Amino acid sequence: MADEEVLTLEVFKGTVEVMLSDDFLSLDEKRLIIKLANQLGLEEDEPAKVYEAIREGREITGGRTMSKGECIRVFTRVYEVALVNESVSIDEENVLAHLRHHLNIEDEDYEQVVAGLKKIITERYDDNVVGLMLNTLSDSVTLVGRLFDGVRTKNA
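Quick note: the sequence shown uses the numbering used here, first residue 1, plus one each step.
Just so you know, the hints here were simulated from the structure itself, not pulled from any lab data.
As a list, the in silico BS3-like pairs of lysine-lysine whose alpha-carbon atoms are at most 25 Å apart: (1) K68 x K35; (2) K49 x K35; (3) K30 x K49; (4) K118 x K35; (5) K68 x K119; (6) K119 x K35; (7) K68 x K154; (8) K68 x K118; (9) K30 x K118.
Quick caveat: nothing in here was measured; it's all calculated off a predicted structure.
Build out the structure end to end from the sequences listed, making use of the hints.
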């Protein structure tokens, strides 16, 4: 999987499909999908086209090819949005695990993401919330990793 091409529309589609698996978009999922669309650099009409294709059961492929560095950056920024709420919901953890899969974020990359998030948290956020956010990150790392292993096994 590590050498597979990662395409923006396919990442977005796969992530939205996971979010819609329960036929409901939670507020947490909506925040993540808005950030993801922005970070993927999707055109203004592309998220709606993807959503429509999913609802109609049509295939939609393509988009721009992403570099490994871009995949790591996108995953880090979406993960940061999940952490801002002081707790990562089950929906968000599931989305992050699947997004990690779609972006081909391997274990070494994941460690890099977590280290980057720790740095971002300590540099950007108020001292009053840093401890809470770092605890939230620590709690979510294990679960997202476990969920990712399940996704990876299922798709192997």
